[in-house]
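Asker: Combine the two chains into a complex, taking the hints into account.
Protein chains in written order, with our numbering: chain A, 21 to 177; chain B, 32 to 208.
Think of the hints as simulated: they come from the structure by calculation, not from any bench. For every residue, glycine included, the Cβ atom is placed at its ideal position computed from N, Cα and C. Among these hints, one or two may not hold up.
[Said to hold, decoys possible] Stretch by stretch, here's where chain A covers chain B in the computed footprint (C-beta under 8 Å, at least three residues): (1) 42-51; (2) 85-92; (3) 95-103; (4) 138-149; (5) 182-189.
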Amino acid sequence: MVVRDEAGTVDIFEEIPAILVVIVAVFIFLMTIAEGFISYSERKEEDRLTHQLESFCDSILSFEPLLFDSEMGRFDSFRLDEKGREKLHDSFRPDMLGFHYNVTMADVGLYEEKYDWSAGEEVGESELSRTTSVPVIISNAYGQNHPALMSVTIWEA
Amino acid sequence: MGNVANTNGQAAAFDAVMFLAILLVASALILGVSTHLRQAEDVSEFSDLHTLTTRTSNALLGSTVPNATYVDVGGGVIVSKDISVLDMMVEELLLVQAGVPENNFDGDGGYNHRIEQVLSSLVDEDRFRFELCGRYVDVSVSFGEASGQTDTAARTTEIFLPGVSQPIRITLSIWPC
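Next comes chain B alone, as it looks inside the complex (with noise of 0.2 Å):
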């Protein structure tokens, strides 16, 4: 009799622990569908980025700033007041294709200088990591980081000048840090 006691009260123990074995799995299983669903649920955050690449993109190009200067081919100092950043673009790019040398808009105050001010004061750097490029026939003009990212989000402006087939082409992309 004693024997018989001693099996099932092993049996009961058994069934106990695996009974906690498959709760355990049914535990994880549920915590695992419940963080997947979270993930899931992050493509949201991507839709939200294409929002705020464009956002960001209309606001930059729109923007404008007091002054902002360049050198010419013959080495004067052109000044251009309540410029916006597509201006700056364009006039930059449609330059540089002529001719004059991509380090005239550089420096304190330059085109390139006041872009990146504008750039940087709109995007936030602790969050996103952005790239704005500008390109027209075969050259092209860029700031911030060259993007690697899966995940970015971009958003391209197009300009047609007259009498030109190539558009003058304008990308914003921003992607998570």
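Same shape as in the complex, but just chain A (with noise of 0.2 Å):
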């Protein structure tokens, strides 16, 4: 009976351990695939919205209500206004699109006279979102080409 009672115990105070080992290994491999899966899913959203990115960014170079001569990436100074604005607008409506925009003209020339513009949203906050910012020219009538940097910011509500 000694014995049979000596066994039980020291089986049970033994395998404990192992149990624990186990469960440790089983929550790490755990723990580890759900790492990846999350890493997955945010890469495969964080892809989506850089396609749409790259696809929106597209569509503005070739505005062609805002094109110079219909040029792709030479956008016309004289129709970098409210009315530009709103053509953009109507062209690319968040609610079709699928998400928010901003774009932002810089003119980085060295000329004294600066076409700065704005279309879309002020930049919202949310956690997924995407910039890029691509090299354009701003051409005015006057035979000047103005380089300019064009932000384009794109997030979800």
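Answerer: What follows is the structure, given as structure tokens:
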């Protein structure tokens, strides 16, 4: 009887550490899988937004109502005004696109006159947003081509 | 009986440790594959670099500056107004080929200074390095750093002049810092 009792006691106390090790191992493994899955989901979401940004950026660069001589990436300073803003908004409505956006042109040329312009909404606070900066030209009627940086930010509400 | 029980207990602990080791290896593999996939996806950033280089080249060469100067062979200062970067580079290469010293295009407000100003304003120097190089026959002018990187994206523009077989080649190279 004594021997059985001792064996029973020993069995339990020797298997508890083994079970604990198994639990830790399974926990680590599950955490790794969860981390991988979350990482994959986030990456997929980021990629989707990045593709949307690229596509939207190309659409702006070839948006005829703002272009000079219909040349992609070359904007007409005369058209970068309130009307241009409205045309952009009418053609690219956030509810149709599925995301919000802000487009800003910063004239970085050496001329005194600057053609800074922006359209869309104020950049909102969102965990998921994407921004890109594209070198473009803003041309005017005097034959001047101002180098500019067009920043496009998109985000989901 | 007691010894048998002890042996079983040790076997269980050993099995558990083996199980832990196998799962750790599996976890490391999952993390490794995940990291590898991310690195593989970085290839898309390289294609983005090509797009960036093409767009930067187009904007750069088409941009004009209000004025730019150089000193001709006779010592006179030539002022060009609303001249594009492309025209400045072509003119400089042709004139240097014809015998005008290269340093006649240096100095404040000179062709080289103006080209550097426009180039610097279009490239995010915190993220990228660049080299702009123009070649014509045996003459060349360059701006920025010499590219020694393997992940460099380059865009070459060729200009053919009437009656001349060799084109003027202007290459913009951009690579990440």
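Asker: Indicate, hint by hint, whether the structure satisfies it.
Answerer: Here is how each hint holds up against the structure:
Restraint check on the stretch 42-51 of chain B versus chain A: 7 residues with Cβ-Cβ distances below 8 Å, three needed, restraint holds. For the stretch 85-92 of chain B, the stated coverage by chain A holds: 5 residues have a C-beta nearer than 8 Å to a C-beta of that chain, and at least 3 were required. A stretch counts as covered by a chain when three or more of its residues have a beta carbon under 8 Å from one of that chain; for the stretch 95-103 of chain B and chain A the count is 3, and the coverage holds. Counting residues of the stretch 138-149 of chain B whose beta carbon lies closer than 8 Å to any beta carbon of chain A gives 3, which meets the minimum of three for the stated coverage.
Using a Cβ-Cβ cut-off of 8 Å, 0 residues of the stretch 182-189 of chain B lie near chain A, which falls short of the minimum of three, so the contact claim is violated.
Of the hints listed earlier, the one the structure fails to meet is number 5.
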